[in-house]
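Chains as they are written, first to last, in this note's numbering: chain H, 1 to 577; chain A, 1 to 230.
Bear in mind the hints are in silico, worked out from the structure with no lab data behind them. Yeah, the Cβ is synthetic: ideal placement off N, Cα and C, and Gly gets one too. Incorrect hints may appear among the rest.
Unchecked claim - The following label-pair restraints were derived from C-beta to C-beta distances:
no. : chain 1 : residue 1 : chain 2 : residue 2 : range
1   : H       : 17        : A       : 17        : 40 to 50 Å
2   : A       : 61        : H       : 15        : 35 to 45 Å
3   : A       : 20        : H       : 464       : 42 to 52 Å
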Amino acid sequence: MGLILRLSIRNLLRQKKRNMFLGIGIAFGMMILVIANSFSTGMVDVLIQDVVSNAFGHLVVSGTPGNSFYAVIRDKERIEGVIREVIPPEDIVLITENLGVMGTAIGNGESDNVFVVGVTTDTEEEKEAFFTDFFTLVEGDFADFTSYDYEYPVIISQEMGRSLNVGLHDVIRLRVPMVTGQIQAVRLTVIAIANANNSFMNIVLFLDGGRVKELLGYRPWESAALQVTLRDPKRTAAHYADLIHQQLHPELLYVAGEIGGQTAQILAFQNNLEAKETVQDTIVITTGDLETALASNGVMMSENLAQRLKLQPGDQFTFTYETKFREMYSEQFTINAIFQSDSHLGDEVVFVNEERIHTVYNRYLPLDTKSASITADSVLYSILATEWKLLERNANAQEMMKQMRDERRIRTTQTKFQVMTMYEGASQILQLEEALNLITILAVLVLFFIILIGVMNTLRMTVRERTREIGTVRAIGMQKRDVRRMFMYETLVLTTLSCMAGVLIGIIVMRVLGTIEFDTNSVLSIILKNKRLFFKLNPAAMLSNFILIMCMAGVTAYFPARRAARLSAVEALRHYE
Amino acid sequence: MSVISVKRVERDYPLGKTTVHALRGVDLEIPEGSFFSIIGPSGSGKTTLLNIIGCIDNPTAGTVSIDGEETTKLNDKQITDLRLHKLGFIFQNFNLIPVLNVWENVEFPLLLMKTHRKKEIKARVEKLIAAVGLEQHAHHKPAELSGGQRQRVAIARALVTNPKIILADEPTANLDSETSHSILKLMRDLNETEKTTFVFSTHDPDVLKYAKSIVQIKDGKLVHAEEEVI
Numbered sequence: 001m002g003l004i005l006r007l008s009i010r011n012l013l014r015q016k017k018r019n020m021f022l023g024i025g026i027a028f029g030m031m032i033l034v035i036a037n038s039f040s041t042g043m044v045d046v047l048i049q050d051v052v053s054n055a056f057g058h059l060v061v062s063g064t065p066g067n068s069f070y071a072v073i074r075d076k077e078r079i080e081g082v083i084r085e086v087i088p089p090e091d092i093v094l095i096t097e098n099l100g101v102m103g104t105a106i107g108n109g110e111s112d113n114v115f116v117v118g119v120t121t122d123t124e125e126e127k128e129a130f131f132t133d134f135f136t137l138v139e140g141d142f143a144d145f146t147s148y149d150y151e152y153p154v155i156i157s158q159e160m161g162r163s164l165n166v167g168l169h170d171v172i173r174l175r176v177p178m179v180t181g182q183i184q185a186v187r188l189t190v191i192a193i194a195n196a197n198n199s200f201m202n203i204v205l206f207l208d209g210g211r212v213k214e215l216l217g218y219r220p221w222e223s224a225a226l227q228v229t230l231r232d233p234k235r236t237a238a239h240y241a242d243l244i245h246q247q248l249h250p251e252l253l254y255v256a257g258e259i260g261g262q263t264a265q266i267l268a269f270q271n272n273l274e275a276k277e278t279v280q281d282t283i284v285i286t287t288g289d290l291e292t293a294l295a296s297n298g299v300m301m302s303e304n305l306a307q308r309l310k311l312q313p314g315d316q317f318t319f320t321y322e323t324k325f326r327e328m329y330s331e332q333f334t335i336n337a338i339f340q341s342d343s344h345l346g347d348e349v350v351f352v353n354e355e356r357i358h359t360v361y362n363r364y365l366p367l368d369t370k371s372a373s374i375t376a377d378s379v380l381y382s383i384l385a386t387e388w389k390l391l392e393r394n395a396n397a398q399e400m401m402k403q404m405r406d407e408r409r410i411r412t413t414q415t416k417f418q419v420m421t422m423y424e425g426a427s428q429i430l431q432l433e434e435a436l437n438l439i440t441i442l443a444v445l446v447l448f449f450i451i452l453i454g455v456m457n458t459l460r461m462t463v464r465e466r467t468r469e470i471g472t473v474r475a476i477g478m479q480k481r482d483v484r485r486m487f488m489y490e491t492l493v494l495t496t497l498s499c500m501a502g503v504l505i506g507i508i509v510m511r512v513l514g515t516i517e518f519d520t521n522s523v524l525s526i527i528l529k530n531k532r533l534f535f536k537l538n539p540a541a542m543l544s545n546f547i548l549i550m551c552m553a554g555v556t557a558y559f560p561a562r563r564a565a566r567l568s569a570v571e572a573l574r575h576y577e
Numbered sequence: 001m002s003v004i005s006v007k008r009v010e011r012d013y014p015l016g017k018t019t020v021h022a023l024r025g026v027d028l029e030i031p032e033g034s035f036f037s038i039i040g041p042s043g044s045g046k047t048t049l050l051n052i053i054g055c056i057d058n059p060t061a062g063t064v065s066i067d068g069e070e071t072t073k074l075n076d077k078q079i080t081d082l083r084l085h086k087l088g089f090i091f092q093n094f095n096l097i098p099v100l101n102v103w104e105n106v107e108f109p110l111l112l113m114k115t116h117r118k119k120e121i122k123a124r125v126e127k128l129i130a131a132v133g134l135e136q137h138a139h140h141k142p143a144e145l146s147g148g149q150r151q152r153v154a155i156a157r158a159l160v161t162n163p164k165i166i167l168a169d170e171p172t173a174n175l176d177s178e179t180s181h182s183i184l185k186l187m188r189d190l191n192e193t194e195k196t197t198f199v200f201s202t203h204d205p206d207v208l209k210y211a212k213s214i215v216q217i218k219d220g221k222l223v224h225a226e227e228e229v230i
């Protein structure tokens, strides 16, 4: 050990009582800092891990039809394929359908707003693991969850049972909005009463995912959002979200089918001014009204096709095509205008405003989406509608909210796809953690400021008491910087040891506090995990706080130490207390 | 050849509105290997002269050379280095470092030098502790030693770097006469064996019989010099 450090440690031990009191002060401050920090990290962890990630996964791909509020992915397999193509299997824990909806539940003379969640698991083991990890069973049997002996088997919490005044095997009437916009009313049977490990989940009614899809009007190949649980979300979520976003680039909206036995294809132009002007400049209308044809339900047909079908503006025709899911679908259109066939679109095209076709297209996805005759070098290519709109990725929840607001202003029926991670979606929770940590650190800085004033005074007193010693070591040949270092080391060693003690005491206190059970249903219960306070040590934050405290201690010690170093040897030797 | 050369050194101290002239044009040449005593009554300027020779105080006027190096031209770091390498100090109040034991106090200047290997340090400290007769007390703290023992530690500490000069300001002032004699005898022996120049101040006539050369100082001026008393 270096001479200066050895001297510093010996000098620290010389004033045991005084330094012990100072050390207790610093350790206390550090303990508060560790506890507060671990509490906020733990709280955010509970909110993010148990609430946000359970509700939304680490990464979500969602589709929203037009300006609606519900999420529908019409071709679940395709989107899941993109996800699986981008993320290596070893990084995926689970891909699940995010099936959730707000509704009203009516029990025995009581009603409440509830959140209905569909549980989708691929295997029995997954289901078993979900039940045992997520719930504490009070009564009933999880095995009945998928039983057809009951109408819509449901798991509810004790709290929900009390609130709706229902018990095991009682019936709950539920009203929820379907994806079609209608209200669905069903009878649910309570097959288990179980408390979720996070009380936030106690307002949730858990149903089998398949039945929730049926209930909400999703068809088997459809889903709400797809949520991915990743093995290492912090490191990989944003990267994979970006890659998925790239892969979700939409194709042209194109439907191949037939009209009255004639092959035909539908292409759509975007419903905006620029697109309409381009159509106006490019397409030559032979009969009919261009203005009506450009309107949101506008339909134009190529001259050759119209002649073959003997159709005029104002006539109706039925377009029939095979959907991706092997059923035929027919849609009726009314012609507004007929355009010259030698234009850029080909001679068997029905050219429509995108608003006329999105709803049909999304609901009945065509089998053939690839063989459009139009090529990318066509003038019209850039104004053609795509199968969906891919929303830009957002850095945080504020950007996401702004994007949502901006999107809502545009009336459309086009589906909007979005890829987000929980770190963006829950950025406000992460900000909450930052805010809590900031408040903690400010409070503790004030505490440390007071403690370190004590350190400074003690050091000044020490310098005064040891003036003759300083004179002696200077006379013998100790350099000024070594004298300064000796006093600095004393403070820094004391601070380091005290901080370590503070961390240790903090851990013990957290362990003790973590054993206390809080039986509360108040809003505070959201931050409890298994009814207990949850602390999570944050080594990075602890290290940065420690560095900050060391810097503060260093600055406080510097001035008395410099004063000691600057003492004249002869004056110091002459000094008498 | 002079190891210490003091030329026309003056030292004034401001005291309120007046100035105290502690040294008034002192000229002194001390040859290498001397056992040199500066005598004089209290307040005569003995300590001031020793402090200036020891480079822990600066003269108001005049020059001081130590081993041919003019100290007034050096900066603080160079002066500190000079003190560490060429000078040893023995103080009236011993001035040992209380948190270090005898061994550690003696090795302290060597550790500051950072030039010696562990083995060398050990050998040198061991030899000096033996020379001052404190082998049995090597691990005692200063507070556990008598005055004489403490001064022996101080002597060992002063000698450990093998300095050219040892300055001792009234080294026996806080010791009884028997211990004083043994300390002076020890210093004298070390002067002879180690060939180190000893300069010490005293106002005790008993001490003088050990000195080889004596100068008397009165009111900041050298008044009388006597060579080879013994």
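These are the hints, each one checked on the structure:
| no. | hint | verdict |
| --- | --- | --- |
| 1 | H:17 - A:17: 40 to 50 Å | holds (44 Å) |
| 2 | A:61 - H:15: 35 to 45 Å | holds (43 Å) |
| 3 | A:20 - H:464: 42 to 52 Å | violated (25 Å) |
Hint check: a violation occurs at hint 3 only; the rest are consistent with the structure.
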